[in-house]
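All chains should be built: construct the whole structure from the sequences, respecting the hints.
Protein chains in written order, with our numbering: chain A, -3 to 338; chain E, -3 to 338.
Because the hints were derived from the structure by calculation, they are not lab data.
Warning: the hint list may mix true and false statements.
Stated by the list, open to error - With a cut-off of at most 30 Å between alpha-carbon atoms, the simulated DSS-like pairs for lysine-lysine come out as follows:
(1) A:Lys0 <-> E:Lys69
(2) A:Lys270 <-> A:Lys24
(3) E:Lys67 <-> A:Lys0
(4) E:Lys27 <-> E:Lys0
(5) E:Lys27 <-> E:Lys270
(6) E:Lys0 <-> A:Lys67
(7) E:Lys27 <-> E:Lys301
(8) E:Lys0 <-> A:Lys0
(9) A:Lys69 <-> E:Lys27
(10) E:Lys27 <-> E:Lys47
Number of protein chains: 2
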Amino acid sequence: MNGKRMGMATIRLERPPRVRAWAAVGGKKEKDGPLGAEFDHVFSDTMCGEKTWEQAEVHLQKVAVGMAANKCKLPVSALDMILAGDLLGQCVASSYAARGTQVPYLGLYGACSTMAESLAIGACMVDGGFAQRVCAVASSHFCTAERQYRFPLAYGGQRTPTAQWTATAAGACILTAAADDCAPVRITHVCFGKVCDLGITDANNMGAAMAPAAYDTLRTLFSDTGTYPEDYDGIFTGDLGQVGSRLLCELFSRDHIDISPVHDDCGKLLFDSKQDVHAGGSGCGCAASVLCAHLLPRLADGRMKRMILAATGALMSPTSVQQGESIPAVCHAVVLESGGKR
Amino acid sequence: MNGKRMGMATIRLERPPRVRAWAAVGGKKEKDGPLGAEFDHVFSDTMCGEKTWEQAEVHLQKVAVGMAANKCKLPVSALDMILAGDLLGQCVASSYAARGTQVPYLGLYGACSTMAESLAIGACMVDGGFAQRVCAVASSHFCTAERQYRFPLAYGGQRTPTAQWTATAAGACILTAAADDCAPVRITHVCFGKVCDLGITDANNMGAAMAPAAYDTLRTLFSDTGTYPEDYDGIFTGDLGQVGSRLLCELFSRDHIDISPVHDDCGKLLFDSKQDVHAGGSGCGCAASVLCAHLLPRLADGRMKRMILAATGALMSPTSVQQGESIPAVCHAVVLESGGKR
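Structure, rendered in structure tokens:
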């Protein structure tokens, strides 16, 4: 061990990997939301020109990866690794998107925490010298997720007030080695989370299931690094939504810590409350696309100096919910800083 | 880049992480197979004392992780990371098994290649100094897999001759840093595979879908390291079964390379042909348990000096198969050597 591991779980990256380029791709609802103009590309058609919703989600990932690589003036085939995940059974959006790339593929499953998991593992791979250029990508699609987790869309089921709206979106980041002076953002710390389960069984209240995981990982990160919320320009959970965000602030307030001045949530940022999304956005593509459309540009141009992406995932399946299991959750965090040259 | 990356994709581990301990847990059919006596624990009851098959698979993972940690005289909570995966939608066997461990959890999906993926990422984490003690684990369960991928068991569907039998098993390895002189096995190289798809659409012929991926990764590993099949005491694919193994040998024979003297397959080793398993065993738990029950002990006592585990995964889902998609596959490889002290 060479001092990279701090405290309970946080990893300090000695030669902070750079985020060289990124791309966010979304659907029509994402375009109509507050961040719409910040996406690199939006599709007005739910099918994205494909024959099935699942193929559409594959397309979202492919476009995001292709655009991010293109910004580095690299063909996708020049990447050393793709680290990818999504919400579907057997992560098919990611596997089918990686098909044909000729790039080593690491399939991940962290539900809506996937973008942070892929960034964190990718950053370790680069810092450790195991790869020079990796792509971290995650996606979700409202229609594939509804089919996977809930009801046929044509059934027109009512959504509860605590329900969240799965983003139709993908975000991809290209990570490069510390020596890359052209990259405007770097990853300084990562923290892999533990599985937390406080007994929530309502699959339409994922914010409540995930808030304890976000609290646990952020508290660990603060403690391991000796930092406080005010040391960051922003702490972005993804995607607790309205309900989970309130619970997270409440959990911290019990420790006499007020994170509310710097906290926001990707699920709250992606959509406007007028868009009928109830408690906010969700899905692997939510944190991924908000990071790539909205947050990384602010680090790149110096509007933010240091932020945390703490993406949360609810780790249930339709089967586990039907069997009455409670919903375990996980939150992985990455600390991102402005400036590649420092 | 500091020379860890060799050739196209192979990673040389500079301070080869050790495999300190391992455990294999299985069901009744695995007990009755040729490796039955080598398992650390077998359950005669499909439910493993739980209420559902899914909970039974969770139990298999928990017992495997607990036994492996126990052999290191460590509580599970002393691990730095658990890297885990399984075949189920949203990887619930792994997530629920990690619940309550208080250990940072990295969820992976590589279908039947998962054990190699978890070993490979875990080895990078240890070699990079990001963790000191990690657990790589994978599981499958015949009944959960049939429910997930095929038909209700009570339906009694006929299985085709090329079909494989999902292992009810889990395997767990504890990886430690190179300085651990007590560990009998080390990981010297890892190779993450690309997604290969030659157009197979028959979900009952996974061996054929996966053979090209095994060929691609093994060929890359040989080329990157300048080694030949005869440089290894064994090359174990997991789980091509009878059909895929024949195809793999055929693919290599086109390059005038005969891997048959050293090649075997975890899916062929786990069961006897008299056990009505058709083309052989499969599932994340197949390669994981054959590695832990049968292969690691042979490295530990010197019966083998050097071997490759090249675990293959078919990356389709029930939805993608129903939509007529062909089956993409991936193969991740790890090179294991006898002797922690060298």
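Comparing the hints with the structure gives:
no., hint, in the structure
1, A:Lys0 <-> E:Lys69, "holds (25 Å)"
2, A:Lys270 <-> A:Lys24, "holds (15 Å)"
3, E:Lys67 <-> A:Lys0, "holds (27 Å)"
4, E:Lys27 <-> E:Lys0, "violated (40 Å)"
5, E:Lys27 <-> E:Lys270, "holds (14 Å)"
6, E:Lys0 <-> A:Lys67, "holds (27 Å)"
7, E:Lys27 <-> E:Lys301, "holds (27 Å)"
8, E:Lys0 <-> A:Lys0, "holds (19 Å)"
9, A:Lys69 <-> E:Lys27, "violated (55 Å)"
10, E:Lys27 <-> E:Lys47, "holds (22 Å)"
Hint compliance for this structure: hints 4 and 9 are broken, all remaining hints hold.
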